[in-house]
Amino acid sequence: MVEAGQVTFAMQTFERIHPVEFQRRFLSHSTRHSGREFMQFRPLQIIKGAISTAQGSATVRLGNTTVVCGIKAEVCEPDVKRPTSGYLTTNVELSPMCSARFRPGAPSDEAQVASEHIHRLSAHFLDVTQLCIEEGRAVWSLSADIVCLKHDGNVLDAAVIALGAALEDLRLAGAEFDSATGMVTAGGEGTHVIMKKRLFPATFTLVGDSYVVADADDAEEQLAAASLLVVLDEDGKLANIWKRGAGAIDKDTIEQCVQVARVRMAEIA
Amino acid sequence: MSHNVVDRRRINGPQRSVEPVYTTKVLDPFATGRLDERALDQVRPIFIKTGPLDAQSLSAAAPSGSAYYEQGKIRVSCAIYGPRQGRKSNARMGSFDCDFKYAPFSCSWKRSHIKTSDEKEIALMLEHSIAPAIRLESYPKASIDAFVTVIESDGKAATIAAAINCISAALADAGIELYDSVAACSMALHGEQW
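Sequence lines, in order, name chains A and B.
Here the first sequence stands for residues 224 to 492, numbered as in the working numbering.
Here the second sequence stands for residues 665 to 858, numbered as in the working numbering.
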């Protein structure tokens, strides 16, 4: 069976020492190391409103990846150039708790890039003029913080879903501005904000030179040559498409990914 | 809270924002017994879940042990990394380090992203409470790191106690050698009554 000079490894050791070859063994047989199909996404679980200290919250689990989005609402003066616009600030936190890859201290490049991209996407979710309390004097400022608790690949998809769900869960208490004291008082149950459109993300990753897989987990993400994030709105139209990495993805593959993203949208709608 | 610091590595909101003055009536916590009708020596119900959600497909960068802890409204999550290579290569005993952070939405006011001295003090408290229970002499040159994130807080002392219990559970899940698990509970003095 085993010839002289040939070394055999336990599967976990082989994965550590030859990660690329390990993945290729599965991909070349049209399967993945987790047993999923190429275009199969992990099960998704969304829990809204669990955190009472936040005005809106959602916990999203995508396989092992867990993110929590909490929204705190404060009031502030609006920008002079936009007197009826409130603020929605989103930040993604990838702490050393979620994965051994992150060091304590300032946000890593991955976290900064994720924050920046999701912050730009967040304009699609919400029309900030409905956050106005008193034109030119007081507006709501929403801080959405997406904290990653467990990182097993594809944090971006989970973060976009969590942000959308938290915004749907958000309740803003009825606010009144008193021009004499300059104070804002708020009370009551609160009303929901009206969302512009629901967004449905789907990430595809190019692994092992030429295989495109959906919803890569951490092991696959580490070997990715490129990745493609497709975000559709509820009408099936393309809200955002973002390709990262040096690997080449041709036009037909992109179209195929958008089709799969539509199927995914139907799954999670 | 007003933050005049511009954090260059994060998306910044408006320079200064404050909480509105909420008009909902503030209840007196001890008017008629405790607010949630507990007995004086009764703790809130506890829920602990250790380990990953799906143990089948675990990444190489996953923690050695983790725990999610709930006590009433308090929610704390902890991950343990180690034993892994420590900073001193000639150390006779292993080192245990704690990192403690409140999530920005975990308290009734919005917390800063940057770690405050408050959080550093609590991290030191956690280290001093738990390090004696770990058999550090069986891990020379190694370091064991605990990272705690508070997702929802409900009473400062109670949250610290919850963090200690959570770290204990995570250490057990990681298979670290312990003399015993550490349990903690908070107490408060109200007038003359504990």
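To be clear, the hints were calculated from the coordinates, so they are not data collected in a lab.
These figures come from a predicted structure and were not determined experimentally.
Any given hint could turn out to be false.
Stretches of chain B that chain A covers, calculated by requiring three or more beta carbons in the stretch to come under 8 Å of a beta carbon on chain A [to be verified]:
1) 670-678
2) 682-692
3) 697-707
4) 761-772
5) 804-815
Interface residues of chain A toward chain B, partial, derived using beta-carbon atoms under 10 Å [what the hints assert, rightly or not]:
6) T282
7) A323
8) A346
9) H347
10) A471
Just so it is clear, CB atoms sit at the ideal spot from N, CA and C, and this is done for glycine as well.
To see whether the hints hold, each was checked on the structure:
1. 670-678: The restraint on the segment 670-678 of chain B holds, since 6 of its residues have a Cβ under 8 Å from chain A and three suffice.
2. 682-692: As far as the segment 682-692 of chain B goes, the hint holds, because 7 residues have Cβ atoms under 8 Å from chain A.
3. 697-707: It is violated, with 0 qualifying residues against the three required.
4. 761-772: holds (count 8)
5. 804-815: Coverage by chain A holds here, the residue count being 5 at a Cβ distance below 8 Å.
6. T282: Holds, about 9 Å.
7. A323: Holds, because the Cβ-Cβ distance from A323 (chain A) to chain B comes to roughly 4 Å (cut-off 10 Å).
8. A346: Nearest chain B Cβ about 12 Å off; hint violated.
9. H347: 16 Å, violated
10. A471: 26 Å, violated
Hints 3, 8, 9 and 10 from the list above are not met by this structure, while the remaining hints are.
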